[in-house]
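2 protein chains.
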Amino acid sequence: MSEKNESGERPATSRARFLDAAWGRCRGRPPVWLLRQAGRYMPRYQELRGRHSFEEMCTRPDLAFEVSLQPWREFGMDAVIVFYDILFILKAMGAPLEYTDRGPVFHRPVREPADVRALRLPEPGAGSQPVAETLRMLRRELGDRTALLGFAGAPFTLASYLVEGEFRRSGDRIRRMMHSDPETLEELLEMLADATIDHLERQVAAGADAVQLFDTWAGLLGAEDYARFALRGQTRIFEALRPLGVPTILYVNGSSHLLELMARSGARVLSVDWRVSLPEARRRVGPGVALQGNLDPAALFSPPRAVREMTRALLESVAGDPAYICNLGHGILPETPVESVRAFVETAMGFPER
Amino acid sequence: MSEKNESGERPATSRARFLDAAWGRCRGRPPVWLLRQAGRYMPRYQELRGRHSFEEMCTRPDLAFEVSLQPWREFGMDAVIVFYDILFILKAMGAPLEYTDRGPVFHRPVREPADVRALRLPEPGAGSQPVAETLRMLRRELGDRTALLGFAGAPFTLASYLVEGEFRRSGDRIRRMMHSDPETLEELLEMLADATIDHLERQVAAGADAVQLFDTWAGLLGAEDYARFALRGQTRIFEALRPLGVPTILYVNGSSHLLELMARSGARVLSVDWRVSLPEARRRVGPGVALQGNLDPAALFSPPRAVREMTRALLESVAGDPAYICNLGHGILPETPVESVRAFVETAMGFPER
Numbered sequence: 001m002s003e004k005n006e007s008g009e010r011p012a013t014s015r016a017r018f019l020d021a022a023w024g025r026c027r028g029r030p031p032v033w034l035l036r037q038a039g040r041y042m043p044r045y046q047e048l049r050g051r052h053s054f055e056e057m058c059t060r061p062d063l064a065f066e067v068s069l070q071p072w073r074e075f076g077m078d079a080v081i082v083f084y085d086i087l088f089i090l091k092a093m094g095a096p097l098e099y100t101d102r103g104p105v106f107h108r109p110v111r112e113p114a115d116v117r118a119l120r121l122p123e124p125g126a127g128s129q130p131v132a133e134t135l136r137m138l139r140r141e142l143g144d145r146t147a148l149l150g151f152a153g154a155p156f157t158l159a160s161y162l163v164e165g166e167f168r169r170s171g172d173r174i175r176r177m178m179h180s181d182p183e184t185l186e187e188l189l190e191m192l193a194d195a196t197i198d199h200l201e202r203q204v205a206a207g208a209d210a211v212q213l214f215d216t217w218a219g220l221l222g223a224e225d226y227a228r229f230a231l232r233g234q235t236r237i238f239e240a241l242r243p244l245g246v247p248t249i250l251y252v253n254g255s256s257h258l259l260e261l262m263a264r265s266g267a268r269v270l271s272v273d274w275r276v277s278l279p280e281a282r283r284r285v286g287p288g289v290a291l292q293g294n295l296d297p298a299a300l301f302s303p304p305r306a307v308r309e310m311t312r313a314l315l316e317s318v319a320g321d322p323a324y325i326c327n328l329g330h331g332i333l334p335e336t337p338v339e340s341v342r343a344f345v346e347t348a349m350g351f352p353e354r
Numbered sequence: 001m002s003e004k005n006e007s008g009e010r011p012a013t014s015r016a017r018f019l020d021a022a023w024g025r026c027r028g029r030p031p032v033w034l035l036r037q038a039g040r041y042m043p044r045y046q047e048l049r050g051r052h053s054f055e056e057m058c059t060r061p062d063l064a065f066e067v068s069l070q071p072w073r074e075f076g077m078d079a080v081i082v083f084y085d086i087l088f089i090l091k092a093m094g095a096p097l098e099y100t101d102r103g104p105v106f107h108r109p110v111r112e113p114a115d116v117r118a119l120r121l122p123e124p125g126a127g128s129q130p131v132a133e134t135l136r137m138l139r140r141e142l143g144d145r146t147a148l149l150g151f152a153g154a155p156f157t158l159a160s161y162l163v164e165g166e167f168r169r170s171g172d173r174i175r176r177m178m179h180s181d182p183e184t185l186e187e188l189l190e191m192l193a194d195a196t197i198d199h200l201e202r203q204v205a206a207g208a209d210a211v212q213l214f215d216t217w218a219g220l221l222g223a224e225d226y227a228r229f230a231l232r233g234q235t236r237i238f239e240a241l242r243p244l245g246v247p248t249i250l251y252v253n254g255s256s257h258l259l260e261l262m263a264r265s266g267a268r269v270l271s272v273d274w275r276v277s278l279p280e281a282r283r284r285v286g287p288g289v290a291l292q293g294n295l296d297p298a299a300l301f302s303p304p305r306a307v308r309e310m311t312r313a314l315l316e317s318v319a320g321d322p323a324y325i326c327n328l329g330h331g332i333l334p335e336t337p338v339e340s341v342r343a344f345v346e347t348a349m350g351f352p353e354r
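Protein sequences, first through last, are from chains D and R. Just so we're aligned, residue 1 is where the first sequence starts under my numbering, counting upward by one. Just so we're aligned, residue 1 is where the second sequence starts under my numbering, counting upward by one.
Fair warning: there could be bad hints in the mix.
[Claimed, not checked] Sample of chain R residues lacking proximity to chain D, with all beta carbon distances greater than 12 Å (derived):
#1 R44
#2 G94
#3 R102
#4 R140
#5 R202
#6 L220
#7 M310
#8 V338
[To be verified] Selected chain R positions facing chain D (Cβ under 7 Å, derived; list incomplete):
#9 H52
#10 A299
#11 P304
#12 R305
Because the hints were derived from the structure by calculation, they are not lab data. Positions of the beta carbon are idealized from the N, C-alpha and C atoms, including for glycine.
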C-alpha cells in the first residue's frame, strides 16, 4: 500500500493511480471518484431500495456490496467507496437512531452529562462488522485493479447529530453546548474518537486502501473552536492510523476559513468543497498534502456539455499537480442525471496524461 | 442623516454614534446592537406571543412597535431594528407562505418558468405597509436619540426560500436551478430586486436611519456564482438606494470566502459572521467600508463573566477602528439567557471611549 513509484512511470492501474495521487506522486492524469457515488441517483439502486430499507441496504453485506459496485460498473471510476452510513457506530454506542423521510433522527438527543454517560464504547467491532464484511467482499472482487475506500464520521460531526437530535442547517445546539458545557462535550468527543479509531482500523484490516473522515459540520466553527472541538479529535484519529500506512482523507464542508488548520490534522489528503478554488487551496496548504475536490454537485444538473467544460476547467486549474484527486465538493445529490455523472467521469478519465 | 462630524467630537446620542460608525468616523466607543435583537428569548415577547400568531406580531404595527422596543427598553442598545420578517414581501407577490413549527414553508415551491410568471410585483407598498407604519411609530418614539433600522431579504436569499419551499441546510434546490435553468432564476432575481428596492425605499421614507440587506444564504455559493446570482442584485439595490443618503448594511452568513466581493457591492457596512476574525476582515476589505459583527450567538450561552471577556476581546481586536459596529455574527438564538445579552450590551457600552 505504500509501494513506491520511484520510476516515474504512469500508474498501471486505477488503484496505483489513486494511491500515487494520495501520496503526492501521480505522474499521469488525476484519479477520479465521487463523494457518495453509490446511491439514490442510480436507477439500479432505486430498484433494490424499493425492496429494502436504507438500513438494510447498508448493513446487509450482500446488498451493500452490490450498491457499492453499481457506479463503478456503470462508469468505471478509479475508486470504489463502501456503501454504509456514518451513524451506525452511534447505534452501537446505545443511541437510538431512526432514519425518517426528513433524514436521520435521534429521538433522545444527547445534551446533559447523564446522556453522555448513558452511551458506551461499542463492543469491539460491533459497529463495524457489516462494513468490514462488505469491504472484504469488495476487496476480493476488485483485487488490485481499483482503489477501495472506507470511511467514518469525525467526532465533532457525529456529536452534532447526537446533540441536535435532528440535524438542521445551523448546528445551533452543539455550538450552544460548546459554550454552556464544554467539558461534557469534550467527554463525548473523546469517546467518539476512540470508537472511530477502532472503526477505521477494522476497515483497513478488511481491505480498505484509504479511509475518509467526514467532519462535514466542522465548517460551522470559527478557528478557535475548530481547533479545540474538531481538530483535536481528527489529529488523534490520524495519529492512531498512521502505523497502518494507508492514506487518510479529511473532508470538511464550508472549510474555506479553516484550510490551514485542516492541513495540520495529519490527514494525507484534504477534501474541499466548491467554495474555495483549488489553486487558492494549494497556495494556502502548501505542497505537503494532497487535495481532493471540488465541483459543486449541483453543477451536475447542467447539460452534459457544460459538465464536460466545467470538469475540464477544474482539471486545468491544477494541471500537473501530482497530489490531486478529482472529485465533487460534496456528496452527489439525489436525482442527479446519470448522463452528467458519465460526462464528469469520462472527462476526468480522458484528461491527457502528462 | 448624512450630517457631518467634522469637529472630531464624540457623538452626543446613540443615533449619532451609530451613523458615525456606519460612515466610518466614530470617535468614541463603537455602537452596539444585536441581529434579531427582538423576539423569542425575551419573556415579555413570549407573553405577547402567547396571545398572537407570529404573523400578527409582525404585521400589526401596535404589536410590532412594542416588540421592537422591548430589548431597547431592557438593555438600551444604540439601535432599534423594526420587528418584521423578510418573507412577507413574497406573500405580497403571490407566493403562499405559511409559518409552521418547522419554520416558514412555501407549499408551492417556485421552480419552473411558469411558477416565476405566476408571481407579480406587489401593488405599490403592499408588502411594506405594516412595516412602514411601525417604523413611523418607532421614529416618533425614539426621536433623535437612537438609530432606527429597517431591513429586507436580498434577492438570492428570498429566491432560496421560494425555490426550496422549505429551507433546509444546504440550498441544494436553488443551486440546482442555477445550473439547470439560470435564465429563469435570473428572471426571478430581477423581480425580487425590483420589489426589494421599493420595499427599502418605503422604509427609509418612514424613518429608518439605515437599512440592512440580509443575503443570509449567499454564502453557499462559490465566488463565480455569487457574482452572478447574488452580488448583481445586491449592487442594483444599493445603487438605487444611494440617492437616499442612508447607510446600507449587507449581511451574508458563511462569507469568509466572499469578503472581497461583498466589499464591491456598494454596501456601506459589511456584517460578518463569527467564522472570520474582524482584523482579517478589515485587512481584506480595506478601509473603505465599515464592519459589523461578530460574536457567535451561541457564545451567549456561556456564563455572563465569559460573555464579558469575549466581548472585550472582540472590541480590543478592532480598538480604534472608526468604522466598526459591535454586534453578533448571526441572529440571537431562542432561549438565549437574558443575563448574557445584558453582559454583552453593557460591556460594549462601557468600553472606554477613545
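Cross-check of the supplied hints:
Look at R44(R): its CB is around 23 Å from the nearest CB on chain D, clear of 12 Å, so calling it non-interface holds up. At the 12 Å boundary, the C-beta of G94(R) stays outside the reach of chain D, the nearest C-beta of that chain being 26 Å off. Once the 12 Å rule is applied to beta carbons, R102(R) is inconsistent with being away from chain D; the minimum gap is 9 Å. Every CB of chain D lies more than 12 Å from the CB of R140(R), the least distance being 36 Å, so the non-interface label holds.
Against the 12 Å criterion, R202(R) stays outside the reach of chain D, whose nearest CB is about 31 Å from its own CB. Some Cβ of chain D comes within 12 Å of the Cβ of L220(R); the nearest lies about 8 Å off, and the non-interface call is violated. The beta carbon of M310(R) is not kept farther than 12 Å from every beta carbon of chain D, the shortest such distance being approximately 9 Å. For V338(R), the shortest C-beta to C-beta distance to chain D comes to about 15 Å, beyond the 12 Å cut-off, and the non-interface label holds.
With 7 Å as the threshold, the beta carbon of H52(R) stays out of range of chain D, its nearest partner Cβ sitting at about 25 Å, so the hint is violated. Given hint, A299(R) at the interface with chain D, holds; its Cβ is 5 Å from that chain's nearest Cβ, closer than 7 Å. Checking P304(R) against chain D: minimum C-beta separation of about 12 Å lies over 7 Å; hint violated. Because the beta carbon of R305(R) sits about 12 Å from the nearest beta carbon in chain D, more than 7 Å, this interface hint is broken.
Hint check: violations occur at hints 3, 6, 7, 9, 11, 12; the rest are consistent with the structure.
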